[in-house]
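S.K.: Residue strings, one per chain:
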Amino acid sequence: MTNYHLDHLDLLETEAIHIMREVAGEFERPVLLFSGGKDSICLLRLAEKAFRPSDIPMPFLNVETGHEFPELIEFRDRRAKQLGAKLIVRTVDQALASGAATQAPGEVSRNKLQIPVLLGAIEEFRFDCAIGGARRDEEKARAKERFFSFRDSFGQWDPKNQRPEIWNLYNGRLNAGENMRVFPLSNWTEMDVWEYIKREKLEVPSIYFSHTRECFRRGGQWLPVPPAHTDATKPDPYAGARPKPTEQRKTMVCRVRTIADMISTGMVESPASSFDDIIAEVAAARVTERGSRADDKASEAAMEDRKKAGYF
Amino acid sequence: MSVVATSSSLSSRPVVPVVDILRFNTCGSVDDGKSTLIGRLLYDSKSLMEDQIEALERSADITGGGQINLANLTDGLRAEREQGITIDVAYRYFATPKRKFIIADTPGHVQYTRNMVTGASTANLSIVLVDARAGVIEQSRRHTAIASLLRIPHLVVAINKMDLVDWSEARFNEIRAQFEEFLPRLDIKDVKFIPLSALNGDNVVEPSKHTPWYAGPTLLAHLETVHIASDHNLSGFRLPVQWVNRPNNPTDARLHDFRGFSGQIAGGIVKVGQKVMTLPGGLTTTVKRIHTHDGDREEAFCPQSVTLLLEHDIDVSRGNMIIGLEDLPGASTDLQAKVCWMHPRVLQPGKKLWLKHTTHSVQAVVTEITHRINVTTLEQEPAPAGLALNDIGEIRLRTSRPLVFDGYATNRLTGSFILIEPGAHATVAAGMLHAPREVVRPEDGDFVI
Ligand SMILES: Nc1nc2c(ncn2[C@@H]2O[C@H](COP(=O)(O)OP(=O)(O)O)[C@@H](O)[C@H]2O)c(=O)[nH]1
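Protein sequences, first through last, are from chains A and B. Under this note's numbering, the letters of the first sequence match residues 1 to 312, in that order. Under this note's numbering, the letters of the second sequence match residues 313 to 761, in that order.
These are calculated hints, taken from the structure and not from any lab test. Treat the numbers as computed from the prediction; the structure is a model and nothing was measured. Don't take every hint at face value.
Think about it this way: if two alpha-carbon atoms lie no more than 25 Å apart in a straight line, the pair counts; the simulated BS3-like pairs of lysine-lysine are [stated by the list, open to error]:
{"hint": "1", "chain 1": "A", "residue 1": "K198", "chain 2": "A", "residue 2": "K81"}
{"hint": "2", "chain 1": "B", "residue 1": "K583", "chain 2": "A", "residue 2": "K49"}
{"hint": "3", "chain 1": "A", "residue 1": "K49", "chain 2": "A", "residue 2": "K201"}
{"hint": "4", "chain 1": "A", "residue 1": "K112", "chain 2": "A", "residue 2": "K244"}
{"hint": "5", "chain 1": "A", "residue 1": "K49", "chain 2": "A", "residue 2": "K86"}
{"hint": "6", "chain 1": "A", "residue 1": "K201", "chain 2": "A", "residue 2": "K81"}
{"hint": "7", "chain 1": "B", "residue 1": "K600", "chain 2": "A", "residue 2": "K49"}
{"hint": "8", "chain 1": "A", "residue 1": "K49", "chain 2": "A", "residue 2": "K198"}
{"hint": "9", "chain 1": "B", "residue 1": "K410", "chain 2": "A", "residue 2": "K198"}
All chains, please: the whole structure from these sequences, using the hints.
M.R.: Here it is in structure tokens:
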């Protein structure tokens, strides 16, 4: 090697590895949030790069809404096993049953209910730091996040009073009960993520690629038709998220661009069946990836409000 | 953020140019047009998506009487939308076929200088906005001075709202002359003046037909082509150890003796077989392997992240530094530095704080506040009352353990530190170290293996 030049992926990678290792060095009980989505898939590769040949020195955590794409769950479990990591799963269902979370009347989405479940898991395991795959280019409020994002003992984010982050010196100091959210992919764009997945030949859940699926039209989006309700002894978890007779249905050749759960992920019509196809699609895209998420459409400040309350 | 050694080494690369990253920040006073300028850069370089444009149009109908407000793109927080001001650093991303860009949009009011320091600390380039009607004001000098103190290599003075001064070349030259008066006192090598109108897009992405007298590039053309010579020092090898990589009960027998020191190279180049010294302690040994998850390397350089395996079993832990035997750093508990104070409580001598330098945290006490720097005149002033929020001053510190460091002018990564207040753990200062008075000497080591 005579050429001391790094390209943008190398630069983003070394920055993220540095952050991962700072977490391992500064915190007692870190955890890595792994959903099986494309961003957290990159986090796992970065964790391998940061810590191998040792074990990745933190467990993985996923909060399930109960409305997940089955493909995602299968992939998540398999990937965690491959890496020899401990995977902790906490669910909105458990939290509803125990009363730790309550659903607002008429509300179908369980997106907000992930907050008390996440905070509950942080308390249960006394995690002092949670690594997440959020990127600043996803959304306006995220654009203001630090790499090390301080949360008070209620898990709240105070955007007006963030610790200044200077050079690559991250302040990880906490008092009891406080914790940190750390975002190694802060500077990555959607394009960087796909280019990295391609370069690293990472496996992703099949729903990122083109497939045929029955969808229905709601709120300007094509939402997947949820799986049939088979267990009559329990209330339908998808009640309210099923197509009404008046809503248009269509069998589409489609894929997901970003994954929330089934009831808030808009499907995009797409023939993309390889990483190159996806990269070409991202390059030509005329809407942001969050444009296909129902949870962000609520209001201009939807994300900011959720983050202040402890969302990741 | 790009690292280029020599132009000759570039010629060996494939035809496809390597896309690198330019980081820049924008500063100026409230209403100089920063948000509009960033909005314009994104809009005209076609980096905006339809739903973002739709959202802009939606808010234009509600609040703007139909006029799209490009500033709404960056003013991300509700409080900002309500107060109409930018209160924190917001990061934006866009790319052209030539480069990827990271923008730190840093706010202009006096009380938010700390955010500007935050946004500027990692920048290759700073854009200082000037309202053509107002000319150079105290804020412009202040921002330029901060860019200089932080050693940002490139500066663009964007003279905005030229439409409001009839595109006057005379006015442009006048403002340029005002700048050039104080620039010689600063450490900025490369300064470019560009006349523009962020609102109308003149000279932002497209050349303006109103400025036939201006022969220079548009702002975007300049950002795409400015040569970002290495911010990273490739001469003195420095590896601040972040984490000791020692597999627990590995199933693979070959890993029983694996003991690696992981970190991001903060300066220089390292090669297998090279002699290195570990500090503190001063023991000298040889690099046995440079491990990465993608396989072993013969050589690695700043800012790569690697894991070093050493010939001898030396006690090294997080916060220690592995260095090359040339271009040696200093090691001392008595430090001199410039600091930007970022906390409402005034800094006075005797204050005890945490100091984080590279991966090393130590206790520190401020022994003296030598003077305050007037960032408008750049003159030194006595500071009997200490340093107040947003003050920049010269201080002396004593630390509980020696720091292994370089002067900030030599190496931004091993020459910088932050101070953390012990109660709520707020980050209260950004510090830039003076060059060491003496460097460590290998023969100082107690025993050389
Ligand atoms: N006439 C004119 N107005 C401008 C120009 N750039 C910005 N403005 C206006 O100046 C005001 C402040 O702009 P804004 O971008 O919010 O300033 P910021 O506080 O620096 O972010 C807004 O009303 C803009 O429309 C320009 O080039 N010409």
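S.K.: If you check each hint against the structure, which ones fail?
M.R.: none
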